[in-house]
Amino acid sequence: MTAIISRASVAAGHDGRAEIEVELTYDNGGTSTISLDEEACTASLDRAGIGSIDELVGQPWSIVLPALDRRHAHD
Amino acid sequence: MLDLVIRNGLIVDGSGLPGRRGDVSVLDGKVVAVGGRAGAARREIDASGKVVAPGFIDPHTHYDAQLCFDPFAFPAIEHGVTTVVPGNCSLSLAPLRTDQRDAFSRMFRLIEEMPEAAFDAGVDWRWGEGFGEWVDALAGNIALNVAPLVGHSVLRMYVMGAEAQQRIATGDEIAAMADLLRRCLDAGAVGMSTSFVDIDETYRPVPSRWAGPEELDALAAVLGEYDRVLQIVHEFFDADLTVARVEQLAELSLRHGITTTLSPLFHSDANNHGVAKVMAAVEAARERGAAVWPQVQTRPIDISFTLDQRSLMLLTMPSWWKVASIGDHAEKLAAVTAQRDALVAEMNALEQRPNAGLGAGGFVVREVVNERNRSFVGRSIDDISRQLGTSYGDTVVDLALDEELGTWFIRESVGHDNSTVVGELLANPLVHLGASDGGAHVGSFSTFGDTGYLFSEFVRNTKSLSIEAAVKKITLDPATIWGLAGRGLLAPGFAADVVVFDADLIGRGPEVASTDFPGNGIRWIRRQEGIDTVIVNGQVTWTAAGGYVENARAGQIATR
Numbered sequence: 012m013t014a015i016i017s018r019a020s021v022a023a024g025h026d027g028r029a030e031i032e033v034e035l036t037y038d039n040g041g042t043s044t045i046s047l048d049e050e051a052c053t054a055s056l057d058r059a060g061i062g063s064i065d066e067l068v069g070q071p072w073s074i075v076l077p078a079l080d081r082r083h084a085h086d
Numbered sequence: 011m012l013d014l015v016i017r018n019g020l021i022v023d024g025s026g027l028p029g030r031r032g033d034v035s036v037l038d039g040k041v042v043a044v045g046g047r048a049g050a051a052r053r054e055i056d057a058s059g060k061v062v063a064p065g066f067i068d069p070h071t072h073y074d075a076q077l078c079f080d081p082f083a084f085p086a087i088e089h090g091v092t093t094v095v096p097g098n099c100s101l102s103l104a105p106l107r108t109d110q111r112d113a114f115s116r117m118f119r120l121i122e123e124m125p126e127a128a129f130d131a132g133v134d135w136r137w138g139e140g141f142g143e144w145v146d147a148l149a150g151n152i153a154l155n156v157a158p159l160v161g162h163s164v165l166r167m168y169v170m171g172a173e174a175q176q177r178i179a180t181g182d183e184i185a186a187m188a189d190l191l192r193r194c195l196d197a198g199a200v201g202m203s204t205s206f207v208d209i210d211e212t213y214r215p216v217p218s219r220w221a222g223p224e225e226l227d228a229l230a231a232v233l234g235e236y237d238r239v240l241q242i243v244h245e246f247f248d249a250d251l252t253v254a255r256v257e258q259l260a261e262l263s264l265r266h267g268i269t270t271t272l273s274p275l276f277h278s279d280a281n282n283h284g285v286a287k288v289m290a291a292v293e294a295a296r297e298r299g300a301a302v303w304p305q306v307q308t309r310p311i312d313i314s315f316t317l318d319q320r321s322l323m324l325l326t327m328p329s330w331w332k333v334a335s336i337g338d339h340a341e342k343l344a345a346v347t348a349q350r351d352a353l354v355a356e357m358n359a360l361e362q363r364p365n366a367g368l369g370a371g372g373f374v375v376r377e378v379v380n381e382r383n384r385s386f387v388g389r390s391i392d393d394i395s396r397q398l399g400t401s402y403g404d405t406v407v408d409l410a411l412d413e414e415l416g417t418w419f420i421r422e423s424v425g426h427d428n429s430t431v432v433g434e435l436l437a438n439p440l441v442h443l444g445a446s447d448g449g450a451h452v453g454s455f456s457t458f459g460d461t462g463y464l465f466s467e468f469v470r471n472t473k474s475l476s477i478e479a480a481v482k483k484i485t486l487d488p489a490t491i492w493g494l495a496g497r498g499l500l501a502p503g504f505a506a507d508v509v510v511f512d513a514d515l516i517g518r519g520p521e522v523a524s525t526d527f528p529g530n531g532i533r534w535i536r537r538q539e540g541i542d543t544v545i546v547n548g549q550v551t552w553t554a555a556g557g558y559v560e561n562a563r564a565g566q567i568a569t570r
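If you're matching them up, the sequences are chains D and Z in order. Per our numbering: the first sequence = residues 12 to 86. Per our numbering: the second sequence = residues 11 to 570.
Everything labelled a hint here was simulated from the structure, so no lab data went into it. Values in this document were obtained by computation on a predicted structure and should not be read as measured data. Think of the CB as a built atom: it goes at the ideal place given N, C-alpha and C, for glycine as much as any other residue. Check the hints yourself; a few may be wrong.
[Stated by the list, open to error] From the derived model, a few chain D residues whose C-beta atoms are all more than 12 angstroms from chain Z:
#1 Val21
#2 Asp38
#3 Gly69
#4 Trp72
#5 Leu76
[To be verified] Some chain D residues near chain Z, calculated using beta-carbon distances under 8 angstroms:
#6 Ile15
#7 Arg28
#8 Ala29
#9 Glu32
#10 Ser46
#11 Thr53
#12 Gly60
#13 Ile64
[What the hints assert, rightly or not] Taking CB as the label site, the calculated pair distances span:
#14 Z:Pro528 - D:Gly40: 37 to 43 angstroms
#15 D:Tyr37 - Z:Arg136: 53 to 59 angstroms
#16 Z:Asp408 - D:Pro71: 48 to 54 angstroms
#17 D:Thr36 - Z:Lys473: 49 to 55 angstroms
#18 Z:Ala149 - D:Pro71: 54 to 60 angstroms
#19 Z:Pro528 - D:Ser73: 42 to 48 angstroms
Could you build all of it, start to finish, from the sequences and the hints given here?
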C-alpha cells in the first residue's frame, strides 16, 4: 500500500515546541499523522532536495523515512 | 489577633460560585474566615477593586532542577502560582543511583531543554540517591508548595540499570519497582509519571517506553493502594493513538481506582477533528466511571528564528531556506545581499499564505546583536514598519543585515492559537488546564504566564469562561484531581495560599531574555501583569510594590 503526504503544516509539538505535522493518506482512504521535529524534518527534506513544507504535499510517504530511520537508529 | 487580613476584595473562592465582597482572615498559615468583616490583624492588605483567589496550581512542570538552586522557581510565584507538580513525563531527579546521574542528566537536559551549564552548576545532588531524601532536601527551602511526581524512567533505571533501555522487566524486577514506588509514595510522591514518546540524546526510547503492559499495570496497582495519580505523555500528534491511550488509561483507572491524566492535548485548525475524536473517547471513559483527564495549555505555540539558521519558519519561505542552507557565513551574507529584493518579496508574501498565520508583520524582535538596535526588542515588525515607512520584508531584512543576520525574531501564535476553539476546550468540564511545562525549554521559549493568559485571553477577550470558572480551573479543580487536600479553596481550615489580582489587568508580559540561571546562559521568561500580592501558607511572598520577599520560605511539600 502506498501512502501519499496529504497535508504538511506547522503545528504544536511535544511540550509546546513547533513541529511539522504530516498527514499521510493511504490508497484505501485511511489517514494517519506523524510529527517531525525540526531536526528530523530538515534531514528528510535535505535527502529529498526539498526546500519548503508545501512541496511535501503529494510526495510519497517514504520521503520522511530518513527522519524516522534516524529517530530509531539506536532502538 | 489575626496574622493577616485581606480586606474589601472580590472573593472568588475557587468553588466556581459567584464572587462576593468581603475580607479573608489568616492565622497560623490557614484561612480562618472568608467573607464578612474581619477583626484586627498584624498585617492588612487592602484589596479594594481587586480579586482575592486561592493560589494557582500548576500541574505540569519540570522545576525539578530549578528548585535545587532557586526556591522561588522564578518567576512562577509572581504569576500567582503557589503550588507546582514537578517530575512529569517519566523524569524526576530521584530515586537515582550515583553512577546513573550522568546518563539521567543527559536525558533530562535534552527532553526538557535545560542548558548543561545551568544543570551542572545548579544541581548538586546533595540529597544522595533516594526520593525521600530529595524531597527532604527541598522541604524547608522552598517558597512555593511542591507536589512531586516520581518518574517511571528513573524507577526502571534504579532497578534495572542500563538494561532499563534494553528489554522488558522480569517479574522480580517489576516487584522491585513496585516496592520502590511504594517508598516514593510514602515519602510524598503525588503519583508517577510515564512517557510513551520521549527519546534520549542517542535517539533511544526513554526507559519507561521499554515497559510491557504488565509492568504499567503493576505500578498502577500500587498507585491504587495510595489513591495517587498516573500522568502520561502520549502520542499527542496522532488522534487515533491518543484515543487508544485514553482507553488504556480508562482501563487502568477502573481496575485500580486511580486518577489518570495525559498531556498535552493541542488543537490544530488543520486537524480539528482530532481533538473532537479524543474528547469523545474521554467522554466515553467518564461515562464508564474512569478518571481520565486530558491536559490543555492556554498559551499558543511560538516559533523563534534567525535568518542565519535553517528553521521551521524558513521552511515556509523556500528562497530563505536556500540561503540559510549556505554553510559559509560570508557567502550567506553575500547571497542575501545579492538576492535582497526577491527575499523581501517572499517574506512579504507570507501575509497571503492561507491559514498559516505566519505573516511577517507579526514577527517580534526578540534579541539583537547591536546595542543601537536595542529599542526594537519586544516590538512587532508591523509596529516598526509603520514607524519607518517600510514594508515588513524590508524592515526584517534591513535589521538582520545590519546585524549580519544575528537578530532573533519570534512569530507568536502559530499553533494551538484558535482562541475560540481553545477557549471552548478549556471551558469543557472534562478538560484539565495544565501542560505549562514550567521550568523546561528555557532556551527556546517562556513557560511562564499561562495563568495570566487564561484571564487576559479566555476571560476578557473571548469570554469563554467567567472569572469564577477560570479561577476554579486552576485552583480547586487541580487540587481535587491531584488529591492535594486542604488546598485550592478559600475556606476555613484550608492553606492560606492566596493571590490578589486586578481582573482588568491580569495577563502575561512580553517574552524577554533573562540571565539569572547559573552558567551565564540566556533563558526566556515572561513577567507578571496585574498581580498585586501572592501569599503562600500565610506568608506574603511577592508583592507588586516590593517584589520577592527574599527570606520567604513558607512552601511545603503539599503531599506530606
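These are the hints, each one checked on the structure:
1. The beta carbon of Val21 of chain D sits about 5 angstroms from the closest Cβ of chain Z, which is not more than 12 angstroms, so the claim that it is off the interface is violated.
2. No Cβ of chain Z approaches the Cβ of Asp38 of chain D within 12 angstroms, the least distance being about 18 angstroms, so the stated non-interface status holds.
3. At the 12 angstroms boundary, the C-beta of Gly69 of chain D stays outside the reach of chain Z, the nearest C-beta of that chain being 16 angstroms off.
4. Remark: the non-interface label on Trp72 of chain D is consistent with the geometry, its nearest Cβ contact in chain Z lying 14 angstroms away (cut-off 12 angstroms).
5. For Leu76 of chain D, the shortest C-beta to C-beta distance to chain Z comes to about 15 angstroms, beyond the 12 angstroms cut-off, and the non-interface label holds.
6. Nearest Cβ of chain Z to the Cβ of Ile15 of chain D: about 16 angstroms, over the 8 angstroms cut. The hint is violated.
7. Interface hint at Arg28 of chain D: satisfied, since its Cβ lies 7 angstroms from the closest Cβ of chain Z, which is below the 8 angstroms cut-off.
8. Among the interface hints, the one on Ala29 of chain D holds; its C-beta lies about 5 angstroms from the nearest C-beta in chain Z, closer than the 8 angstroms criterion.
9. With a least beta-carbon distance of about 6 angstroms to chain Z, the hint placing Glu32 of chain D at the interface is held under the 8 angstroms criterion.
10. At about 3 angstroms, the closest approach between the beta carbon of Ser46 of chain D and any beta carbon in chain Z falls short of 8 angstroms, and the interface hint on this residue holds.
11. Taking 8 angstroms as the C-beta cut-off, the interface hint given for Thr53 of chain D holds, the closest approach to chain Z being about 6 angstroms.
12. Below 8 angstroms, beta-carbon pairs count as interface contacts, and Gly60 of chain D has none with chain Z, the closest being about 11 angstroms; its hint is therefore violated.
13. A hinted interface residue such as Ile64 of chain D counts as satisfied when its beta carbon comes closer than 8 angstroms to some beta carbon of chain Z; here the least separation is about 5 angstroms, so the hint holds.
14. In this structure, Pro528 of chain Z and Gly40 of chain D break the distance hint of 37 to 43 angstroms, their C-beta atoms being roughly 54 angstroms apart.
15. A hinted range of 53 to 59 angstroms for the beta carbons of Tyr37 of chain D and Arg136 of chain Z is consistent with their spacing of about 54 angstroms.
16. For Asp408 of chain Z paired with Pro71 of chain D, a C-beta distance near 41 angstroms fails the hint of 48 to 54 angstroms.
17. At roughly 38 angstroms, the beta-carbon separation of Thr36 of chain D and Lys473 of chain Z lies outside the given 49 to 55 angstroms, and the hint is violated.
18. One distance hint, 54 to 60 angstroms for the beta-carbon pair Ala149 of chain Z and Pro71 of chain D, holds here, with the actual separation near 56 angstroms.
19. One distance hint, 42 to 48 angstroms for the beta-carbon pair Pro528 of chain Z and Ser73 of chain D, holds here, with the actual separation near 45 angstroms.
Checked against the numbered hints given earlier, the structure breaks hints 1, 6, 12, 14, 16, 17 and satisfies all the rest.
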